[in-house]
Structure formats: structure tokens, C-alpha cells
Amino acid sequence: MTRKQIILHPFLLAIQPIAFLYSMNVNYPISHWDWATPLLISITGAIIAFTLLGRKMDGQKAGLVTSLAVILFYTYGHAYNIISVLMIGHYSTPLYFQLFITYLAILACFTLITWKTGRDLKVITDGLNIISIFLIAYPLMSIILFKESRALSCGQGPQVVASDVKSEDIRPDIYYIILDGYAHHDVLNETFGFDNTEFLGFLDGKGFHTPKDARTNYALTFLSLASSMNMQYHTDIPEKLAAGRDQGIIFRKISGNKVTDILRSRGYEFIQVSSGWGPTDQDFGTGTYKQCGLHEFQMVLLDTTLLTPFTRLLKRRGALCSFDTISKASMMTGKPVFVFAHILPPHPPFIFDDNGGPVPLEDWGNNDGQSWHPRRLYVKQLRFINSQLKELITDLTGREGKKPVIILQADHGPASSAHIDKPTEELYIERMRIFMSVYNQGKSGRIIGNRSSPVNIFPSVLNEVFNTAYDLPDDSSYYSTKRQPYIFINVTERLDAD
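Going by the numbering used here, the sequence shown opens with residue 248, and the numbers climb by one from there.
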């Protein structure tokens with residue numbers, strides 16, 4: 248009596264891409280919901296496909312076809328990105344549809360051949376079972392064996408300084424809007440060939456102060472935000488961490504930041520707008536969290552699949568949702584609000600043209616989410632973000648009653664002149680000089696000077712609004728690469744010489 252063969256490979260292969268992506272980002276703030284939902288959908292899809300095919304062919308054949316379908320589905324985005332980079336010139340038919348037809352033809356031919364074959368497929372099935380077990384074992388072991396670094400002290404940072412006035416008498420709404428990768432106006436002019444004077448003039452007319460010499464303290468988003476939200480430099484990074492890339496301790500600094508604690512202690516309601524990126528996309532758990540679209544893990548996973556074009560639509564909706572949520576934030580509670588919104592555009596991928604329309608399909612190949620080229624797409628996206636900011640600012644500053652504090656600030660500048668891991672003098676200027684502008688409740692006085700950096704934003708705001716006396720650190724700038732994020736190069740004097 249022959250034993251019925253167990254067919255595992257279609258279902259293990261359906262799990263593997265999710266498990267692998269999770270294992271590669273195990274130290275990122277990824278909720279169980281983020282990975283469990285696509286995992287359930289993927290397994291369910293494989294089961295349905297296997298069951299339907301099993302009505303027309305035996306289990307071995309149905310398993311082979313299902314496995315190929317899973318592989319094609321999860322490799323589509325990778326294949327598209329590789330081909331789009333290697334492709335020279337433009338095709339009359341968009342690459343997405345060409346690749347789709349190719350994949351469909353491969354699956355159809357394989358299905359027909361498999362259906363008609365009379366060969367015993369037991370050996371092939373056993374081999375695929377073994378291979379799929381190994382493919383799933385590696386990421387699962389990585390996840391199981393991973394030991395997150397112990398929670399280390401994030402430093403005390405500036406102590407809360409008592410105000411000599413009653414905070415409830417003076418509490419304006421505070422909006423902290425991070426515009427990812429928004430370039431300094433000189434960089435826009437000299438590197439991107441774009442004159443941003445019209446937008447800067449608009450801000451000036453509304454009562455904003457835009458420093459002429461704003462620079463970031465750190466070249467990478469997670470370091471920059473953790474520094475500004477805790478009002479201190481990263482002087483407490485353990486030596487064992489400095490040589491690696493573990494970002495967990497810094498992520499915890501962002502979610503458990505000092506500024507939010509200070510403002511909540513003064514009666515503020517913290518409202519966080521999801522971003523679509525890492526730590527600022529996950530609920531800090533300290534107030535009201537408003538989600539705009541899928542979380543980053545799910546979006547990255549979708550980008551590897553046949554559904555990659557839909558991620559651009561979701562990212563567009565997410566960005567627009569962010570602006571809408573900021574506008575409505577003060578209506579969500581009767582308390583004064585501290586709104587934290589990290590908006591990814593103008594950072595790539597380029598999902599908006601200058602009128603807010605979608606980027607043409609022929610430009611998708613230059614649009615992988617990491618490349619800052621072509622620069623014309625960056626400029627178009629930035630111009631649209633400017634238009635959204637104008638509408639938002641006109642709304643927030645035009646309301647009756649107490650005027651807000653509005654902080655517009657880039658986390659860092661672009662990186663179009665060189666690879667971020669191979670910096671040049673030109674890249675230091677492009678990356679470290681940033682856009683920053685502050686609205687001080689409609690008052691004529693400036694909260695910040697003409698030279699400023701994110702680490703001093705909140706000490707300056709708190710001192711102005713609550714009459715506190717936080718020390719203002721020196722405005723220093725430290726460059727580091729993605730490969731070695733904690734090996735800092737002090738580029739302050741290089742920026743001074745520019």
C-alpha cells in the first residue's frame with residue numbers, strides 16, 4: 248500500500264516572502280497585525296489556488312502550478328525593478344504590462360505542460376518540499392534567535408523647567424510637520440535648478456520665519472527625529488552598538504520622546520499622524536493615533552508583488568490623508584493639541600506631479616523609492632507639496648481664536664549628487680542643509696535665529712511659549728552613512744565654509 252504524498256511546498260513558499268521580509272527587519276517596529284494579515288491572505292490564496300487546480304489535475308501537478316504562481320506573484324516587483332534599471336530607452340507599451348504578459352504566458356505554458364504530462368512527479372515534489380523547508384527555516388530561525396538589544400538609557404535630556412506663568416493660560420496648538428528630504432532653498436536653486444522664492448515669500452507673508460542657514464544635525468531620518476524630539480545629541484550610543492546598524496534603541500527614543508512627555512504634562516493631547524515609514528508609522532501609544540493607509544511593512548511587501556502599481560496609489564492617498572488629518576486635528580479634542588506629522592514627500596518615490604496628478608508610467612522605472620533622480624520629478628513633487636502646505640497654512644493661521652505654533656522642517660536634505668554611502672563635499676552640502684520655517688502664533692518675534700538646527704527647535708519653542716529656560720545646544724551637524732549610521736563625521740565647519 249503506497250502512502251499518500253504530502254505536498255507542502257506551495258504553502259511554505261506562500262509564507263516565505265513574508266517571513267523573510269520580517270526577518271530582515273526584525274528590529275523595526277512592526278506590529279503583529281502588519282505581518283499576520285498578509286500571511287493569512289497569502290496562505291489562503293495558495294490554498295484556494297491549490298484546491299481549484301486540484302479539481303482538474305492531481306495533487307502533485309496542482310502543487311507545482313500553485314508554487315509557480317506564488318513565485319511569479321512574489322518576484323514580479325523585483326523583476327520589474329531590475330529590468331527597469333537595465334532597460335535602455337522607452338518602450339511603446341509600459342514595462343508593467345509587458346512583464347505581466349510575459350509572466351502570464353510563462354504560467355499558462357507551464358500549467359498546460361504540467362497538466363498534460365504523464366510523468367511521475369513524486370521526486371520533483373519531494374525535492375520542492377525539502378527546498379521550501381530550507382527557504383522557510385532560515386528566516387524563521389533568524390526571527391527566533393534574534394535577541395533585541397536591552398533597553399538602554401536614552402539619557403535624561405533637558406529637564407522640565409517650571410514656568411512662571413500658568414500654562415493653561417497660554418497653550419497654543421503646536422504642529423510639528425516633518426517634510427522628508429525637503430532641500431534648502433540654495434540647494435534647490437543650485438543643484439535642482441528650481442527657484443523656491445515664491446513659496447518662501449508666501450510663508451513670510453503669513454508670518455513665518457525661515458532661517459537662511461538651517462542645517463540638520465544628522466543625515467539619516469531616524470537619528471534626526473530622535474535628536475529633535477529629545478532636544479539632545481546622540482552622545483549615549485553604546486560602543487557595542489556604534490559599530491553596527493541596530494536602530495532599535497534610536498527607534499525607542501522616537502516613540503518615547505521627551506518633547507511629547509513635556510507637552511502632555513502641560514495638558515496637551517498628542518495627535519500622531521501615521522507616515523508610512525518605520526517608527527513614525529507605528530502608534531507611539533501616548534495619545535491619539537490616526538492611520539493613513541497601510542503600514543510600511545505591508546507596503547514594502549506589496550511592492551515586491553504583482554500588485555506593485557497599487558502601492559503608488561496607496562502612497563498618494565496616504566500623503567493626502569496626512570494633510571487632511573493635520574487640518575482636522577484640533578477638532579478631535581477639547582484640549583490644546585501637539586500634532587506630530589511626518590510626511591514622506593518630497594522624498595522619493597515620486598508619486599505626484601506638480602499638479603498633484605500621478606507620475607506617468609514611463610517614469611516608473613526611475614522611481615524606486617531610493618533614487619533622487621531624475622531631479623525634475625523631485626521638483627515637481629516638491630511643488631505639489633508646496634501647494635498643499637499653502638492650503639493647510641492658510642487654514643490653520645486663518646482660524647478664529649488663539650493662533651498656533653507651526654514648525655515646518657526637513658529631517659535632512661536630498662542625496663542626488665552622490666551615493667549616501669560614498670559622500671562628497673557636494674553631498675554634504677545637499678544632504679545637511681535643510682528647509683525650516685516657524686510660525687510663532689502670529690507674533691512678529693522670532694523663535695529661532697537665522698542659523699538653526701532641529702535639536703534647538705523645541706527648546707526654543709518651549710522657552711518662547713512657556714517662559715522656560717532650556718539650554719540651546721550648539722548647532723552641529725554629523726554625517727553618517729546607512730552602512731555605518733553611528734560612525735559620525737562632524738561636517739559643521741564644512742557647512743560653515745559653504
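These aren't lab readings, by the way, just hints derived from the structure by calculation. Incorrect hints may have been included.
Under the rule of at most 35 Å between Cα atoms (straight-line distance), these lysine-lysine pairs were calculated in the DSBU-like manner [claimed, not checked]:
#1 Lys-649 x Lys-575
#2 Lys-537 x Lys-459
#3 Lys-453 x Lys-690
#4 Lys-453 x Lys-303
#5 Lys-669 x Lys-582
#6 Lys-637 x Lys-582
#7 Lys-505 x Lys-669
Results for each hint:
{"no.": "1", "hint": "Lys-649 x Lys-575", "in the structure": "holds, 16 Å"}
{"no.": "2", "hint": "Lys-537 x Lys-459", "in the structure": "holds, 33 Å"}
{"no.": "3", "hint": "Lys-453 x Lys-690", "in the structure": "holds, 10 Å"}
{"no.": "4", "hint": "Lys-453 x Lys-303", "in the structure": "violated, 69 Å"}
{"no.": "5", "hint": "Lys-669 x Lys-582", "in the structure": "violated, 47 Å"}
{"no.": "6", "hint": "Lys-637 x Lys-582", "in the structure": "holds, 25 Å"}
{"no.": "7", "hint": "Lys-505 x Lys-669", "in the structure": "holds, 33 Å"}
Violated hints, listed in ascending order, are 4, 5; each of the other numbered hints is respected by the structure.
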